[in-house]
Amino acid sequence: MKTMFLKKKKIVDEVIEKLYRSPDLTRRRIERNGQKISLLFLKNLVNPTQLQQSVLQSIQNIELPLTAATIAKTIPIGQVHICQDVDIITAHLIEGWVYVCVEQEQNGVLLNVSEKVERSLEKAETESLVFGPKISFTESLSTNIRILRNNVNDEQLVTEEMIIGKRNKLPVRIVYIQDIADPDNVQTVKQRLSELDVDDVTDSSVLAQMLDDHSFSIFPQYLMTELPDRLSYSLLKGRIGILVDRSPTVIICPTTFFSFFETTEDIYLRWTMSTVLRVMRMLGILTSIFLSPIYVAVITYHYELIPSDLLLTIGESRSRVPFPPVLEALLLEFMIELLREAGARLPTKVGQTMGIVGGIVLGQAAVDAGFTSNLLIIIVSLSALGSFTAPSYEMGTAIRILRFPIIILAAMWGLIGIIIGICVLIVHLLKLTSLGRPYLSPIYPFRFADLKYSLVRLPQQFYYKRPISNRVQNKYRFSWKDSKKRKDLDE
Amino acid sequence: MKWWIVIWMMLAGCVEPRILEEQGIFTAVGFDKVGERYKASSVMLSFRSQRSSRSEVIQATNVTSKGTRQDLEAQTSHNLGSGQLRVVLYGKELAEKEGIFLFTDTFRRDANIGSLVYLAVAESSAEEIVKSKKLEDVPDIGTYLYRLIEKNLKSESLLAATLHEFIASYYDVGKDPILPYLSLQDGKPIIKYVALFHRDRFVGKIRLDESFYIKLLSKKYNAGMKNIIIPRKNIAPILLNKDELEKNIKFVLNEIRSDSKIKLVSAEPVPSFRIHVKMDAEILEISEKIKPFTKKNINMLEKAIEKQMKHEIDRLLKKLKKHNADPIGFGQIYDHSLRRYELTNQKWDERYKKAKIDVRVDINILRTGTID
Numbered sequence: 001m002k003t004m005f006l007k008k009k010k011i012v013d014e015v016i017e018k019l020y021r022s023p024d025l026t027r028r029r030i031e032r033n034g035q036k037i038s039l040l041f042l043k044n045l046v047n048p049t050q051l052q053q054s055v056l057q058s059i060q061n062i063e064l065p066l067t068a069a070t071i072a073k074t075i076p077i078g079q080v081h082i083c084q085d086v087d088i089i090t091a092h093l094i095e096g097w098v099y100v101c102v103e104q105e106q107n108g109v110l111l112n113v114s115e116k117v118e119r120s121l122e123k124a125e126t127e128s129l130v131f132g133p134k135i136s137f138t139e140s141l142s143t144n145i146r147i148l149r150n151n152v153n154d155e156q157l158v159t160e161e162m163i164i165g166k167r168n169k170l171p172v173r174i175v176y177i178q179d180i181a182d183p184d185n186v187q188t189v190k191q192r193l194s195e196l197d198v199d200d201v202t203d204s205s206v207l208a209q210m211l212d213d214h215s216f217s218i219f220p221q222y223l224m225t226e227l228p229d230r231l232s233y234s235l236l237k238g239r240i241g242i243l244v245d246r247s248p249t250v251i252i253c254p255t256t257f258f259s260f261f262e263t264t265e266d267i268y269l270r271w272t273m274s275t276v277l278r279v280m281r282m283l284g285i286l287t288s289i290f291l292s293p294i295y296v297a298v299i300t301y302h303y304e305l306i307p308s309d310l311l312l313t314i315g316e317s318r319s320r321v322p323f324p325p326v327l328e329a330l331l332l333e334f335m336i337e338l339l340r341e342a343g344a345r346l347p348t349k350v351g352q353t354m355g356i357v358g359g360i361v362l363g364q365a366a367v368d369a370g371f372t373s374n375l376l377i378i379i380v381s382l383s384a385l386g387s388f389t390a391p392s393y394e395m396g397t398a399i400r401i402l403r404f405p406i407i408i409l410a411a412m413w414g415l416i417g418i419i420i421g422i423c424v425l426i427v428h429l430l431k432l433t434s435l436g437r438p439y440l441s442p443i444y445p446f447r448f449a450d451l452k453y454s455l456v457r458l459p460q461q462f463y464y465k466r467p468i469s470n471r472v473q474n475k476y477r478f479s480w481k482d483s484k485k486r487k488d489l490d491e
Numbered sequence: 001m002k003w004w005i006v007i008w009m010m011l012a013g014c015v016e017p018r019i020l021e022e023q024g025i026f027t028a029v030g031f032d033k034v035g036e037r038y039k040a041s042s043v044m045l046s047f048r049s050q051r052s053s054r055s056e057v058i059q060a061t062n063v064t065s066k067g068t069r070q071d072l073e074a075q076t077s078h079n080l081g082s083g084q085l086r087v088v089l090y091g092k093e094l095a096e097k098e099g100i101f102l103f104t105d106t107f108r109r110d111a112n113i114g115s116l117v118y119l120a121v122a123e124s125s126a127e128e129i130v131k132s133k134k135l136e137d138v139p140d141i142g143t144y145l146y147r148l149i150e151k152n153l154k155s156e157s158l159l160a161a162t163l164h165e166f167i168a169s170y171y172d173v174g175k176d177p178i179l180p181y182l183s184l185q186d187g188k189p190i191i192k193y194v195a196l197f198h199r200d201r202f203v204g205k206i207r208l209d210e211s212f213y214i215k216l217l218s219k220k221y222n223a224g225m226k227n228i229i230i231p232r233k234n235i236a237p238i239l240l241n242k243d244e245l246e247k248n249i250k251f252v253l254n255e256i257r258s259d260s261k262i263k264l265v266s267a268e269p270v271p272s273f274r275i276h277v278k279m280d281a282e283i284l285e286i287s288e289k290i291k292p293f294t295k296k297n298i299n300m301l302e303k304a305i306e307k308q309m310k311h312e313i314d315r316l317l318k319k320l321k322k323h324n325a326d327p328i329g330f331g332q333i334y335d336h337s338l339r340r341y342e343l344t345n346q347k348w349d350e351r352y353k354k355a356k357i358d359v360r361v362d363i364n365i366l367r368t369g370t371i372d
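For the protein sequence lines, the chains are W and V, in the order given.
Numbering follows the numbering used here, with no gaps: position 58 of the first sequence is 58.
Numbering follows the numbering used here, with no gaps: position 230 of the second sequence is 230.
I should point out that these hints are in silico values taken from the structure, not numbers from a laboratory.
This one's a predicted model, so the numbers in the text were calculated from it and none came from an experiment.
Some hints could be false.
Taking lysine to any residue pairs in the SDA-like style, the calculated list, with each CA pair at most 20 Å apart, reads [to be verified]:
#1 Lys431/W - Lys2/V
#2 Lys303/V - Ile229/V
#3 Lys151/V - Pro307/W
Derived Cβ-Cβ restraints for the label pairs, each shown as a range [said to hold, decoys possible]:
#4 Val6/V - Asp309/W: 37 to 47 Å
#5 Thr76/V - Ser215/W: 50 to 60 Å
#6 Lys296/V - Leu310/W: 49 to 59 Å
#7 Leu425/W - Lys263/V: 52 to 62 Å
Heads up, the beta-carbon is just placed ideally off N, CA and C, and yes, glycines get one too.
All chains, please: the whole structure from these sequences, using the hints.
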């Protein structure tokens, strides 16, 4: 305002100045009955058809005299904003708005005709399901909100907006269900987000790292998902979601250790199968962490423990190997990690071939060359498989890394070393929190009723209560008594 | 402080590694007495990538048992490891003349050796059995002997064979250990007898079918099998063919479940015990045709079997007393039943010889064949 009057400079010129004369910046002049109007926009950011049909055409047809107010009133565009502040105008222009300036008035209207880069809805890639809804979130926040609203048809669903990042402003939505989610948790999330002092957040995973309670822990503390059904399921159980623009993954908090081993498929399958699958997954994880360390410990220190039937087979295959068991195990684990990493980096088609070549050819050759024992090949591939069963990619990776220090402990002190490793791990897990809530719940603090939400699955009628650990406000989902009745045609 | 602990642990270094393929692993050891010296024969596994002979026997003689170990070390490039030791054999001569307690004692003190190692007495010498090459499908003699003894323990024909049981019975006043007695049949180790001990000294052997009664008297018995031979004249009324009454008829009892109670009836002037054995069984095999199994006939049969068993038990007890071996533990019962009386081994040895033992057997035949 000040500059405008003192220097008598036009807003339009100032905006052009402010955007460093961007080659995209287009100025279109229109004259109707001597009234001059300028349209300012960045040409690659606006939707050309909308610009033409909704803006240009309707300006031609608006009754005279043209003022910012009449344009704002009559123009057929959703978001309209009368504005004179140069800073606000430039901020909107780079988001793809159009500024319509009536030149005599020194006033103008901002119109939203932006077109965001977006891909179509696709199947989830990182969290693949055999059974159940396949749709996944995209990089566009508005699309994601649309999907979420579709999934949670509840007027209590709150989507609060926040802007994070000083330079590269990132719209973030905190979503929760007003009468279920714990207000303390909501408050914590808001507080943490508003206290963030960063210039730029690249992705929701980066945001999650910024929100971590313990940034030096190996374990991920927030669940990242790209499945809308998983988000809506978590919201209805009293959790909070953070949607981030330009990111297809959503943060779910607070998170417990066990929720990393759940998939939504567990809910879609019948309870018997999902209980078995969940238990199997947990066993897979244990195998993945401890099988190769146990091999190292037993072969190095505790040959007494080998059953006599296995003794000769193991001894025979070991007798060709020139390395001590630790080196053998580390070498092979390193090899498998290389294979996995190479497979992940290469294009899909090449990646598959490489997996086969690497896995079969290299493994066979390593045994034939007397590089490793065949038993270790089995163990290492089993533990790799075990880590892949973790439905969360982040957790799977954490578990694979966790194996290495335990192998080294096993090599130093045998089974005692493994026990030391387990102790440290348990103490660490007990101390961890996610959004200030215990990470190891429902095991510690022990919540018997919540075991059915994490370790096992029961028939549907047992899920009449929301999980206690989430400290939900609205505790009951339905009445326990009614759920047991099954009405028949005769009744 | 935290870091100091970590650094201290790192500096403390590692435990001495015992990498599997660098170990010469014993699976069986045999001890014999040769003159004044002991001879140890050990079965050592050595791992080779080709599937050729995978166990070898190394031997050493020395004046002490641990001394033999050092001599054995000198004979191999591997570190000798006894963590997989399964069976320890003692030559009959050694067990008879010196007793085996001193040998078992060192095993008990060695943390590498489990207390579930099997002990056994070898007929002639331990060396011969250890060197035997007839092992069925098992790769080494130690594992073969282990499986042989384990199987017989499971099928309830052996009573006890572990180091733990041996030591426990040895230290118990009024109870003597018992071990399997291995002999060679066409060069193949088999169990035909059970070795009786007085304290740690081998005193005699009984047949496997006799050891059935030791088990019957001392423990609950489950799912075993027993042959019994009865004079035909005892069950004459239910025989179809009543000729040749002086001959015998054979029965096989199966699925035997029994329970026994031993009671001290009076301590003076001689200890007198009453044993009551209750037994359920089914008849699996009869060597000739007999009359249909009516209730009356079964009763008669039960009576005859009871009588025969009582007879056999009496004979066994007499034998035990003769050897002064008390595997059933009458001394223990005597000791437990009397208050303020400290039994010592010497006292019991005298009294056991004079003890009067009265046996009563109750048999209940549940089935006479699966089909009926």
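Quick rundown of the hints versus the structure:
The suggested pairing of lysine 431/W with lysine 2/V holds, with an alpha-carbon distance near 16 Å, which does not exceed 20 Å. For the suggested pair lysine 303/V and isoleucine 229/V, the alpha carbons sit about 13 Å apart, so the restraint of at most 20 Å is met. The hinted pair formed by lysine 151/V and proline 307/W meets the criterion: a straight-line CA distance of about 17 Å does not exceed 20 Å. Distance hint check for valine 6/V and aspartate 309/W: the Cβ-Cβ separation is about 40 Å, which falls inside the suggested range of 37 to 47 Å.
For threonine 76/V paired with serine 215/W, a C-beta distance near 55 Å keeps the hint of 50 to 60 Å intact. With their beta carbons about 57 Å apart, lysine 296/V and leucine 310/W fall inside the hinted range of 49 to 59 Å. For the hinted restraint 52 to 62 Å between leucine 425/W and lysine 263/V, the CB-CB distance of approximately 57 Å keeps it satisfied.
Violated hints: none; the structure is consistent with every hint.
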